[in-house]
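J.: If you want the building blocks of each chain, they are given just below.
Protein chains: 4
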Amino acid sequence: MKAVRLHEYHQQPVVDDVPEPTIQGPLDVIVKVGGAGVCRTDLHIILGQWDAAMNPTLPYTLGHENAGWVHEIGDGVTNLAVGDTVILHPSPTCGLCRACRAGQDMHCTASTFPGLDGTDGGMAEYLRTSARACVKLDPSTQPQDVAALADAGITAYHAVRKVIPLLHPGTTCVVIGAGGLGHIGVQCLAALTATTVVVVDRSPGALELAQKLGAQHTLVADGSQVAGVQGLTDGIGADVVLDFVAEEGAENDGFAMTAPGGSYSVIGYGGELRVPTIDIISTERNVIGNIVGTYNELAELMVLAQSGKVTLHTKTYPLADAQEALADLDAGRVRGRAILVP
Amino acid sequence: MKAVRLHEYHQQPVVDDVPEPTIQGPLDVIVKVGGAGVCRTDLHIILGQWDAAMNPTLPYTLGHENAGWVHEIGDGVTNLAVGDTVILHPSPTCGLCRACRAGQDMHCTASTFPGLDGTDGGMAEYLRTSARACVKLDPSTQPQDVAALADAGITAYHAVRKVIPLLHPGTTCVVIGAGGLGHIGVQCLAALTATTVVVVDRSPGALELAQKLGAQHTLVADGSQVAGVQGLTDGIGADVVLDFVAEEGAENDGFAMTAPGGSYSVIGYGGELRVPTIDIISTERNVIGNIVGTYNELAELMVLAQSGKVTLHTKTYPLADAQEALADLDAGRVRGRAILVP
Amino acid sequence: MKAVRLHEYHQQPVVDDVPEPTIQGPLDVIVKVGGAGVCRTDLHIILGQWDAAMNPTLPYTLGHENAGWVHEIGDGVTNLAVGDTVILHPSPTCGLCRACRAGQDMHCTASTFPGLDGTDGGMAEYLRTSARACVKLDPSTQPQDVAALADAGITAYHAVRKVIPLLHPGTTCVVIGAGGLGHIGVQCLAALTATTVVVVDRSPGALELAQKLGAQHTLVADGSQVAGVQGLTDGIGADVVLDFVAEEGAENDGFAMTAPGGSYSVIGYGGELRVPTIDIISTERNVIGNIVGTYNELAELMVLAQSGKVTLHTKTYPLADAQEALADLDAGRVRGRAILVP
Amino acid sequence: MKAVRLHEYHQQPVVDDVPEPTIQGPLDVIVKVGGAGVCRTDLHIILGQWDAAMNPTLPYTLGHENAGWVHEIGDGVTNLAVGDTVILHPSPTCGLCRACRAGQDMHCTASTFPGLDGTDGGMAEYLRTSARACVKLDPSTQPQDVAALADAGITAYHAVRKVIPLLHPGTTCVVIGAGGLGHIGVQCLAALTATTVVVVDRSPGALELAQKLGAQHTLVADGSQVAGVQGLTDGIGADVVLDFVAEEGAENDGFAMTAPGGSYSVIGYGGELRVPTIDIISTERNVIGNIVGTYNELAELMVLAQSGKVTLHTKTYPLADAQEALADLDAGRVRGRAILVP
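Residue numbers (this note's numbering), protein chains in the order written: chain A, 1 to 342; chain B, 1 to 342; chain C, 1 to 342; chain D, 1 to 342.
Next up, chain A with everything else stripped away, as it sits in the complex (with noise of 0.2 Å):
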């Protein structure tokens, strides 16, 4: 079958013929792939800047933001049939740790990666997962169209579905970054908050998109944004800001937007965080780190997607383009998400 694989970092992944994927174990579930998102992960990737943490042995087949329908089963599968369309979360997990077992899917303490951590991901004709990883859609959905909520989507809304206790009517909360995962945050704040949305992003464009979406304010990230959210809340700062970017110097205008007893809390990375412990005390704000979400979340926000809460842009390319599609990323010219179809 076609993959896309990394061979080498700082060169653009290759699509390559390699054998198709079978079952290992009893719960397995090979999926026949329907969408795959391009991510500015990949890119990440491709630049080697996940090489420390993951450690991948070079090559693999890039793509953890997967849809499609499910092609065979291990023995020992109870919750799915051949045929059925799938969202697959992004991490096959054990389900025997604490933390699977408390439901908090991301710190398995044994789970995969795909994609990412050198498992061979879904840019690719078919993608070997595990029963745990697969939410069943309602057989009308188009993978493709939904593959984007598996990473950019689940992820904003865990980010928004932690700080709804926050969020009451009278309530703002500031969204830096309305890109990828931004535009279906701000959709999410609306679908399950009344709090006063705030969108900063340098793009007006974004801005524009981030209005018709539900953001009562938006704010031009020209410099004046920190004072602009000042000017919004009396003086006082956002009650929760929730920073997609993180990088480039918004990570510290985040915390510094940030109310007394408020929360600012990070989707976005490339940044360094600097605060003095003073600032962190004498007004008692916290930090709240983020990655993806849980296997429940992802299915809670297919309810939200098939309600038409949810809705995303997505440009498709055919899988055999996987360089021009991260190269559109890369060059801002993808509105919305790129996706592959093979």
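No lab work stands behind these hints, which were simulated from the structure alone. Where hints are given, some of them may not hold.
Pairs involving identical chains hold if they fit within one copy or between any two copies, as the list cannot separate such chains.
As the list claims (entries may be wrong) - Taking lysine to aspartate or glutamate and the DMTMM-like style, the derived pairs with C-alpha atoms no more than 20 Å apart in a straight line are:
{"hint": "1", "residue 1": "Lys136", "residue 2": "Asp16"}
{"hint": "2", "residue 1": "Lys162", "residue 2": "Asp279"}
{"hint": "3", "residue 1": "Lys136", "residue 2": "Asp234"}
{"hint": "4", "residue 1": "Lys136", "residue 2": "Glu20"}
{"hint": "5", "residue 1": "Lys162", "residue 2": "Glu284"}
{"hint": "6", "residue 1": "Lys309", "residue 2": "Glu272"}
{"hint": "7", "residue 1": "Lys162", "residue 2": "Asp84"}
{"hint": "8", "residue 1": "Lys309", "residue 2": "Asp117"}
Since the model is a prediction, treat every value here as computed from it, not as a measurement.
Following the hints, position chains B, C and D against chain A.
T.: Only chains B, C and D this time, still in chain A's reference frame:
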């Protein structure tokens, strides 16, 4: 009356003769001071380190950790009678803002902080506070025995109480710094959880005390403490780190010894936390700020104290010897807490 | 001034001429009433049904659902000025007990409940309340338009707010009774969750209104409603049931239609819940009590109302026509809420 | 092998010779039983009281409270090795449904309950369970010493853990029934909270034991217990009532001794709770259901047991004497828990 007043930064405070405070509003309470704690924050105040944040007008009376007896009450006070033994929450609050109405005393938008913000504190014979700041005690209580719970105690208790839901049996909680606040924190952990407590401190004496108060493990802060915590936790780190130091590198060590999905909770101050945002998100760690505590938390702490579950080491000085007490604290000659007795 | 006073149980209240209330304590506030809601509880009061619980001395002025303008303030009041437009939390509280300090206004150990406990209520030209009961409104607000939120609204909002954490996307919430409180509850659910709302009511008109306000499904309460809920939930039952009726069997139906692990939340009253304890434990279901709500919840609800997310149907009557308003309510002739305007 | 099987309701179970269980699926585990607890629920089963709820096919092997050693594992089992010492969660779960994915094992939609639902239980030499039900223990642990924690223990721990957030210092928690489950509950309260524990029981011996295990007050259940709790709580009632009896009137007493805003938590069964809905709402009390507990909770409880914070009184019988053990339990001749040892 006698009062210990700060006239100029970088100079010792002086025992002055000043008029007694008087009732100014219907909820005012005049307290005859029975004990006023001497805190490291007083040393910081003298060095001008709180000038920027609080901008107090000099001179004013120090002392933000007080207990005593009700001497006079305003005509709107319904919860106290002259003669009642009381410990004072450090911040008289308005009772009317959203924070007060939610029980978040420390986020009151109209509070004062006697002894810190230029309002006269408790290193004096009498102190003006408010009905809302007084926690009534059993009449047999000696104010000088409990005064240190009014600030050191409530702050440690507040930080512990917030992390109780994270500390189920089988978890590990690191306490950095087993001094004035930390040794109370260890006792609160022992009284309210079954977590494994690991105490980190430079002083062998402090570690010995910590062990007596309930710590299961102690580590000398000699540069090996991050590795030490990893060693005690199968290389995973601690579920919660309570950092009562948060300066001179403790803050970055504290974050480093926190497990994936764990929380680094800041109580001390003076240093600067520096964390790449990828380290926050890839492990989903949190940073929690803490400032003093609520009125109800002070009342709860007094229950622990009165049942013997939290005990204090104190050393008393006459009010006239305030300079000596401050000098002893600065030189590390006070074990536990120094208390001025007017 | 004119006031609607109850002189004897089982007799209609009478419009009397009585002296205007005066400031008695430093935190007292005299409000010129702009609107006083007429509530089913007033009918219960007249029938003596609250006599045992509250034991009021007759005669007294009815009216526990009030909004108006600040007319005079005590000398300790700092949060209000004469002329301010205000809606009143039903219970002036002490601000000093543990419940008040935790934001649990309804559990204040020293509160009054004007219009219910023998303290004079708001069916009058003026009302004495406390600074702690007044929520300031935008000056353009007409008190008669919002008065019904002071009791019906806060109670529905409080019940909904408590169950938000249980109502993630994919859950089902049943609302029993879409009358005065219930139709506000449906709007709160739509504003604050993405749960599937199922409304049960005897009246087709109420069900039609519920659908317009955001209910996904409606069921006529004709005896088939438990089966109806099972049918909509794959035989499992609803994750949460909000029972605004809780009499005449609704209470046992409500528990019966609650899913394993779910919560049956009681807001109405009059019936008797009878549950074998094996049914409570074998399915691990909960029963949640609700009484009015907190001051902050009333403020939050006003945010929803001012943004148009919660709207009310009201019908106004001059104060002099109080008997007619009560009769209309009793006869089912009021759609939404009857409001007396002095 | 030998197995204690129930052939007919209202007749004693019989020790039969039956084939050993075999591995049927990839996650199956065969456990050599080291200890099987004898529970009051076994008496109820024999009387047919679980027939309607569980509808088991007779005969089947009793025993839902088991510990032992891993004897054989399926080919998908990754968390266990032959020879491991294990205690068994009572319910092998699917690991795939929403409840399992949220850590809510007891609400698994595809679980079995060996010894209760017709699946063979642990009163036998060998038992088939699943990898997901096994909690690994220190190899030095004697299964017969801990088996009673597998059901009595987890159930008491689960109920206590859920109310910890309600039990800050200064609160009161009543425990009704200090028998098999209750005496574990008292120890869990002492280990995990600083609440004041009041134990109610008919038996002076049980009360004496409760006091040794950490109860501050004891009350004989002679009809004066509601008044007794009121007397100990200034007439307010207990913040939390844990009812391990919930029959013969204890259930209504339990609700009656619950404070306004408090929670009545049901663990026992057999009675019928009858509460006017006005009593639920006017005081905003809650009723909390409890059923067994989660896998992680069992693991946490084992930590408490291994550190000596929870200890058990047990009396062992050879498997062949199962009838005698059941008779002793029924006659009140067992102090603590009877354990069958094959």
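J.: It remains to establish, for every hint, whether it holds in the given structure.
T.: How the hints compare with the structure:
| no. | hint | in the structure |
| --- | --- | --- |
| 1 | Lys136 with Asp16 | neither (29 Å within a copy, 45 Å between copies) |
| 2 | Lys162 with Asp279 | between (23 Å within a copy, 19 Å between copies) |
| 3 | Lys136 with Asp234 | between (46 Å within a copy, 17 Å between copies) |
| 4 | Lys136 with Glu20 | neither (23 Å within a copy, 38 Å between copies) |
| 5 | Lys162 with Glu284 | both (18 Å within a copy, 12 Å between copies) |
| 6 | Lys309 with Glu272 | neither (34 Å within a copy, 40 Å between copies) |
| 7 | Lys162 with Asp84 | neither (30 Å within a copy, 37 Å between copies) |
| 8 | Lys309 with Asp117 | neither (33 Å within a copy, 42 Å between copies) |
Of the numbered hints stated above, those contradicted by the structure are hints 1, 4, 6, 7, 8, listed in ascending order.
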